[in-house]
Every structure is written in structure tokens, then in C-alpha cells.
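Visitor: Numbers 55 to 190, taken from the working numbering, label the letters of the sequence shown in order.
If you're looking for bench data, these hints aren't it; they were derived computationally from the structure.
Mixed in with the good hints there might be a few duds.
Mimicking SDA-like on lysine to any residue, the simulated pairs with C-alpha atoms at most 25 Å apart in a straight line are [to be verified]:
hint, residue 1, residue 2
1, K182, L135
2, K182, L133
3, K182, A81
4, K182, Y99
5, K119, T74
6, K119, L109
7, K119, A81
8, K119, L143
9, K119, T139
10, K182, Q82
11, K119, T171
12, K119, I129
13, K119, Q103
Here are the computed distance ranges between Cβ atoms for each label pair [said to hold, decoys possible]:
hint, residue 1, residue 2, range
14, K119, T149, 17 to 25 Å
15, S126, T74, 30 to 38 Å
16, A83, D165, 23 to 31 Å
17, G174, Q82, 16 to 24 Å
18, Q103, P77, 24 to 32 Å
19, L109, P89, 19 to 27 Å
For every residue, glycine included, the Cβ atom is placed at its ideal position computed from N, Cα and C.
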Amino acid sequence: MRPPEAPLPPLNHRQKPHNTIAPNLLAQAPEPVAPNQIWVTDITYVCTQEGWLYLAEVLDLYSRKLVGWAMSDRIDTPLVLSALTMALLQRGNPTDVLVHSDRGVQYACADYRAALTRAGHTPSMSRKGNCYDNAA
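Based on the sequences and whatever the hints tell you, model everything.
Guide: What follows is the structure in C-alpha cells.
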């Protein structure tokens, strides 16, 4: 038992080993010169009369077109996997795409990272606490 004057231990904000953070490769990537070189993805919160909905989007950075999306009342890994799957199907399963996201647990989890690997894509993630890394 700790003495009463001892400070409380800090909250554990470390990433779990299976939720690995990818480096920010978007910062060094050249401007895309063709479709399917760089995709950026994020989740938007949509307020409705019946509660919150969550929209996961995949945007092709070259064409600025939405190539995949999914909407759900749950903000979870299947949501972002559905958006990624739509993008792959819409674009004919391209390989070697740099896919940039924030550090959300949905993008850092093993299932999402495995889906990127199976598709032959390279993950990229924003720096910690820097929302401007996602500005596309």
C-alpha cells in the first residue's frame, strides 16, 4: 500500500504492443502524380436526431475523390475496414498505396494493419498530438 502523501501513479497511455504506430511517411512523400499513390483516411462524427453516426472516409490525394466510405453507429475497426474494402474494390485492388491516418485505435489495431499488408499498402500515421499532419 502506498503512503497517503505519495502521488497517484500516472495513467497508462502507452500503446499496446499489438497497436503499433506507423511512421509519418506522408511528410516526406512527394506530391502524387497519378491516382492510387496516396490515400488519406479519417472518421467524421455526424450528429443526427437519433444519436451519433460515424463516417469513415478514404480520399485519393491525387484526384481528391472519395474512393471509399462506410457509416455506422459504432466507431470501431469494422467501420474503417469497410471503408478500406470499398476503396480497394472501387479502385481495382491497387497495390503499393501509401495510406495515411491519424493514430486512432481503429487504424493502429492489428486487424487494420493486417488488411493494409494483405493489400500491399504502406501505413503512415500522424505525429502524436499534431492534427495538422492530417490536413490534405
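Visitor: Would you mind marking each hint as holding or not holding in the structure?
Guide: Now for the hints, and whether the structure bears them out:
1. Distance hint between K182 and L135 is fulfilled; the C-alpha atoms sit about 22 Å from each other, no more than 25 Å.
2. For the hint linking K182 to L133, the alpha-carbon distance of about 22 Å falls within 25 Å, and the restraint holds.
3. Restraint check: the Cα-Cα separation between K182 and A81 comes to about 14 Å, which is no more than 25 Å; the hinted pair holds.
4. Taking the CA atoms of K182 and Y99, the gap is about 21 Å. The hint holds against a cut of 25 Å.
5. For the proposed pair K119 and T74, the alpha carbon gap of about 28 Å is over 25 Å, so the pair is violated.
6. With a C-alpha separation of about 15 Å, the suggested pairing of K119 with L109 holds against the 25 Å cut-off.
7. A C-alpha spacing of about 20 Å is found between K119 and A81, which places the hinted pair at or below 25 Å, so the restraint holds.
8. At most 25 Å may separate the alpha-carbon atoms for a hinted pair to count; K119 and L143 meet this at roughly 15 Å.
9. Taking the CA atoms of K119 and T139, the gap is near 16 Å; set against the 25 Å cutoff, the hint holds.
10. Between K182 and Q82 the CA atoms are separated by roughly 17 Å; this keeps the pair inside 25 Å, and the hint holds.
11. Distance restraint check for K119 and T171: the Cα-Cα separation of roughly 23 Å lies within the 25 Å cut-off, and the hinted pair is therefore satisfied.
12. In summary, the hint linking K119 to I129 is supported, as the alpha carbons are separated by about 23 Å, within the 25 Å threshold.
13. Simply put, K119 and Q103 have alpha-carbon atoms about 28 Å apart, too far for the 25 Å limit, and the pair is violated.
14. Here the CB-CB span from K119 to T149 is close to 19 Å, well matched to the stated 17 to 25 Å.
15. Our hint of 30 to 38 Å for S126 and T74 is violated, since their Cβ atoms are close to 24 Å apart.
16. A83 and D165 have their C-beta atoms about 25 Å apart, which keeps the hinted 23 to 31 Å range intact.
17. Range check, G174 to Q82: Cβ separation about 20 Å, and the 16 to 24 Å hint holds.
18. With their beta carbons about 41 Å apart, Q103 and P77 fall outside the hinted range of 24 to 32 Å.
19. Range check, L109 to P89: Cβ separation about 22 Å, and the 19 to 27 Å hint holds.
Violated hints for the displayed structure, listed by number in ascending order: 5, 13, 15 and 18.
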